[in-house]
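Colleague: So the sequence lines, in the order shown, correspond to chains R and P.
Take the first sequence: its letter number 280 is residue 280 in this note's numbering, and every next letter is one higher.
Take any residue in the second sequence, note its place counting from 1, add 1000, and you have its number in this note's numbering.
If you are wondering where the hints come from, they were derived from the structure by calculation, not from laboratory data.
It cannot be assumed that every hint is accurate.
Unchecked claim - Each computed SDA-like pair below joins lysine to any residue, with the alpha-carbon atoms no more than 25 angstroms apart: (1) R:LYS161 to P:ASP1045; (2) R:LYS153 to R:PHE165; (3) R:LYS277 to R:GLY188; (4) R:LYS277 to P:GLU1075; (5) R:LYS863 to R:GLU851; (6) R:LYS509 to R:LEU472; (7) R:LYS858 to P:LEU1007; (8) R:LYS277 to P:PHE1016; (9) P:LYS1052 to P:GLU1080; (10) R:LYS852 to P:ASP1038; (11) R:LYS653 to R:CYS725; (12) R:LYS863 to P:GLU1075; (13) R:LYS857 to P:PRO1028; (14) R:LYS858 to P:ASP1038; (15) R:LYS277 to P:LEU1007; (16) R:LYS863 to P:GLU1080; (17) R:LYS153 to R:ARG18; (18) R:LYS653 to P:GLN1063.
Quick caveat: nothing in here was measured; it's all calculated off a predicted structure.
Each chain, written out:
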Amino acid sequence: MRIDGKGLVDRTKPVRFRFDGKDYAGYKGDTLASALLANDVRLVGRSFKYHRPRGVLTAGSEEPNALVEVVGPSNQTPNVRATMQEVFEGLDCRSQNRLGSLRFDLLAVNDYLSPFLSAGFYYKTFMWPRAFWEGLYEPIIRRAAGLGSLSGKHDEGTYEKAFAFCDVLVIGSGPAGLMAALTAGRSGADVILCEESHALGGRLLSDGGTIGGVPAGDWVAQVLAELQALPNVRIMARTTVTGAYDSGTYGALERVGLHKPARPNLPRECFWRIVAKHAVLASGALERPVAFENNDRPGIMMASAVRTYLNRYGVVPGKRVTLFANTDQARGVARDLMASGIQVAAIIDPRPDASAVEDCPVHVGAEVVGSRGRLGLAGIQVRKGSETIEIETDCLAMSGGWNPTIHLTCHMNGRPRWSEELAAFVPMEGAVPGLVAVGAANGSMSTHGALATGHAAALRAVEALGRKVSVLLPEAEDMPYTLKALWAVEGKGRAWLDFANDVTTKDVKLAAQEGFRSVEHMKRYTTQGMAPDQGKSSNVAALAVLAEATGRGIAETGVTTFRPPYVPVSIAAMGAGGRAEGFAPQRFLTSDQASRDRGAPMIEAGLWYRPSYFPKPGEATWREACDREVTMVRETVGVADVSTLGKIDIQGKDAGRFLDFVYTNTFSTLPVGRVRYGLMLREDGLVLDDGTSARLGEGHYLMTTTTAAAGLVMRHLDFVHQAFCADWQVRFISVTESWAQFAVAGPKARALVNSFLEVPVDLPFMGVAPVRIGGVDGRLFRISFSGEEGYELAVPTRYGEALFRDLVARAETMGGGPYGMEALNVLRIEKGFITHAEIHGRVTAHDIGMEKMVSAKKDCIGKAAATRPGMWGPEREQLVGLKASAPISAGAHLFVPGTEVHRETDQGYVTSICWSPTVGAWLGLGFLKDGRARHGEKIRLVDHLRGLDVLCEVCDPVFHDPDGEKLRA
Amino acid sequence: MRLTCPLCGDRDRREFYYYGAEDYLHRPPEGAPLADWDNYLHLRDNPAGVTKDLWYHEAGCAQWLVVTRNTVTHEISGVELVAERKA
């Protein structure tokens, strides 16, 4: 029910929203929880396990009960806390975890089965027959227990992530946070103030009082006005700081658009990483419930929440309110209610020495021991001495004291300290370097304490930053906070601790009885604190019950580990921008559009997109195009973009010496104008990469790497250089992006290349020369990855597309054309050239038949390790060619015909295969034990995955032109 | 986590590539016994406390760094260029 003249919602801006298909009215500034309570909706959800009716318990992000699904045009978000979701025009949400309607949930039968569903029931009850677990029990349990549901569709909403940096991060905007932000802000320091709620002020908005002689609300407005005017202060409302990480980094989740109707490009959430030199934690404290029988009915709420709904939203959740609390502070709720004309039926205070003087009946030394009301609270039972009285009430405000919100201080393995005086855990100082807890978060429960500690912490930060500031501390109430802890009321029935996961005091006692005495064991056995709220309001009470059940103190019992995030963070926010095309950067060739224009399907090669094949009319499959392109290269001429290969420009007096060190073979002796194939090892003796390096000048080389290992090789060269020969005169840089390079291969390759050159060159095989192409300086290499006479023509990247289009057009007049990755792969398999399919990180130079390339005359990376026993010899699997008349597969394994097919008899495996139109057979490359000595042998190829069982001939890996006559033509 | 690159300054750890223990810098000389290579390649301490390891400022200056850090407190007490390290 809404109270006239109370609250901060904007009464001039009514808002219509929908809950479970019914329309309701609220105001701008309302949360879904406050608006539903204003409409007298008390039942908002069903509990996790027993499907008990549940209502709003709190007014903050710690809410365990009031979780709803919010349905948007492109999303369905489950487990949204009604206490955090602001209402807006058209908000559509529904209750969750029910079968049937919210009022008549068919799964409420679970509540009657509760004796069978106690802690750890699934370990005990559904043991037999074993086979039923996966098919029957687990699906049923999963259906019956749970939270909201997903739409099953992609979340098409926009999310963002961002970085921010500041001198002082202030977390929370209650009295402590505002005072800290004001102090740091006035000093000129760069300040970020984060507030979880949509309005700043914290408890000052709910509790009232005066600060510096003015009403607290006015003081908040004054401070905010000043902070907003300071250019060095950033205020981030609707932003929860979710975690504290190394080096002053904090995670924060901002609800950017969740309080507005969806529109294109409006981010729903933004995940921030804030780097702060100093942080002030002013996160306040969370009020804790008291466990008594049936303390979970809708209408039983936290006392502070009742006060928040009254003073901040102008809403009272009942007509006859009762208060059950063990602190003097909580009495303020009852006084505020009565001042607003709401009837307070009784105050029940368990402290025998508490004051009984209020404007309503007060029962001191009494306890609430039970409640009634099927879908909402109708009455409570109060035990006072030996008598039990019944009090009619539709709203019970309860308070068992406060737990400082210390979570962030424990995120870096810090353990909190137990304070007997506060009956609560308080932060251990210095647990997170640079973070200081102030105010209620540090156990200073009065407004004065909050202002003073916030002020002091900010002053220390300001001083450390080398700044000066003088801010007067305003006067405020400094009431002592004293209480006698009350965790659970004695009783026989079920008394809830963790509302969200349906954990009762009985479950915790059962866990202790069954030997789960450690707090971490108890947590996992009972699921205490494992719901979305992570036990914010219940963990301390649960371990207090455990402490009593095991006869230990609370400090000795200890707490479970606090881990980020403080509130649930959607994966979409953390991974913002990482979906679909945002998953990885895309690299495009200069010929990309030209290839697409010809209908070439693109395939990914690392981050690159390369043409797979160039289809011609009448070709039904990729194989037809591929076969044609292979034959085209072998008979006329083909053009392929090979710019994806890594290119590293290496210069300096010691460049040759450096290459000798990183390659197994020698490059310092390579004449200028020549190219050499090189093999590179890792320091452990396995092959890292291969490629050609050209000597362009006396102290100038150009290294090419494979596409796959370009980054890896660059990193490796940097390491070798900086770690082992930093004093050598050599420098290098990646020029992969600077050059577009095209392979021209086939019997007519020379004719095609010459048609471009201003002065035709007569290059020997493995030669390189500078050339002029249409007025542009380029480079011509005579190298081949196809086995045909081959050239590679390189021009600065900006000329790549023009050259490619021209090359292809001229090739076509000669009966040739472009070829794609598929044909390129077939050509190299026919020639026995290896790629990273073969040098996959487990093969040695010996395995690929290149042990002679490891020079005996010099040291090189990997040389020593390659000589270790087991790195060479007949017991190793060695590169072989395979020839078959039926389809074969990469990934298949090799066996001696007539032997059994299993792991022990495995002789090797296949790494690359193709249909060879040149040879007219299926060809493969693979590794076979002692393979080089077994050419001519028949071997059985088995692939269980694809159902292949084929007899192959073992042969030399070079199928085409083994003597290289074509290459050298 | 953040690292202060001697050339680029204070940077987020996402700019860096982690390699492994600083042991990789102590390459045995040519002709060293295989046991030395085994030690160099495979045997690593796993200290609870101060350790030195190698990071590469891949998205920055391409310098390899020796980072001295505490595996227990996560405190970073030094960042040095591999190329200019004191032996």
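Colleague: Each hint should be assessed against the structure and marked as holding or not.
Modeller: Verification of the hints:
The straight-line distance between the Cα atoms of LYS161 of chain R and ASP1045 of chain P is roughly 37 angstroms, outside the 25 angstroms bound, and the hint therefore fails. About 36 angstroms separates the Cα atoms of LYS153 of chain R and PHE165 of chain R, which puts this hinted pair outside 25 angstroms; it is violated. Between LYS277 of chain R and GLY188 of chain R, the direct Cα distance comes to roughly 14 angstroms. Compliance with the 25 angstroms bound is thereby established for this hinted pair. Distance restraint check for LYS277 of chain R and GLU1075 of chain P: the Cα-Cα separation of roughly 15 angstroms lies within the 25 angstroms cut-off, and the hinted pair is therefore satisfied.
At most 25 angstroms may separate the alpha-carbon atoms for a hinted pair to count; LYS863 of chain R and GLU851 of chain R meet this at roughly 10 angstroms. Only pairs whose Cα atoms come within 25 angstroms are accepted, and LYS509 of chain R paired with LEU472 of chain R is rejected, the gap being roughly 51 angstroms. For the suggested pair LYS858 of chain R and LEU1007 of chain P, the alpha carbons sit about 34 angstroms apart, so the restraint of at most 25 angstroms is broken. Of the supplied pair hints, the one linking LYS277 of chain R and PHE1016 of chain P holds, its CA atoms being roughly 21 angstroms apart against a limit of 25 angstroms.
A threshold of 25 angstroms between alpha carbons decides the hint, and for LYS1052 of chain P with GLU1080 of chain P the separation of about 10 angstroms falls inside it, so the pair holds. Restraint check for LYS852 of chain R and ASP1038 of chain P: satisfied, since their Cα atoms lie roughly 24 angstroms apart, inside the 25 angstroms limit. The hinted pair formed by LYS653 of chain R and CYS725 of chain R meets the criterion: a straight-line CA distance of about 13 angstroms does not exceed 25 angstroms. Pair hint LYS863 of chain R plus GLU1075 of chain P does not hold up; C-alpha atoms about 38 angstroms apart against a cutoff of 25 angstroms.
Annotation: proposed proximity of LYS857 of chain R to PRO1028 of chain P holds, straight-line Cα distance about 18 angstroms (limit 25 angstroms). Using a Cα cut-off of 25 angstroms, the hinted pair LYS858 of chain R and ASP1038 of chain P holds, with the two alpha carbons roughly 21 angstroms apart. For the hint pairing LYS277 of chain R with LEU1007 of chain P, the CA-to-CA distance comes to about 21 angstroms; that is within 25 angstroms, so the pair holds. Of the supplied pair hints, the one linking LYS863 of chain R and GLU1080 of chain P is violated, its CA atoms being roughly 29 angstroms apart against a limit of 25 angstroms.
For the given pair, LYS153 of chain R sits about 22 angstroms from ARG18 of chain R by alpha-carbon distance, which is consistent with the 25 angstroms threshold. Pair hint LYS653 of chain R plus GLN1063 of chain P holds up; C-alpha atoms about 21 angstroms apart against a cutoff of 25 angstroms.
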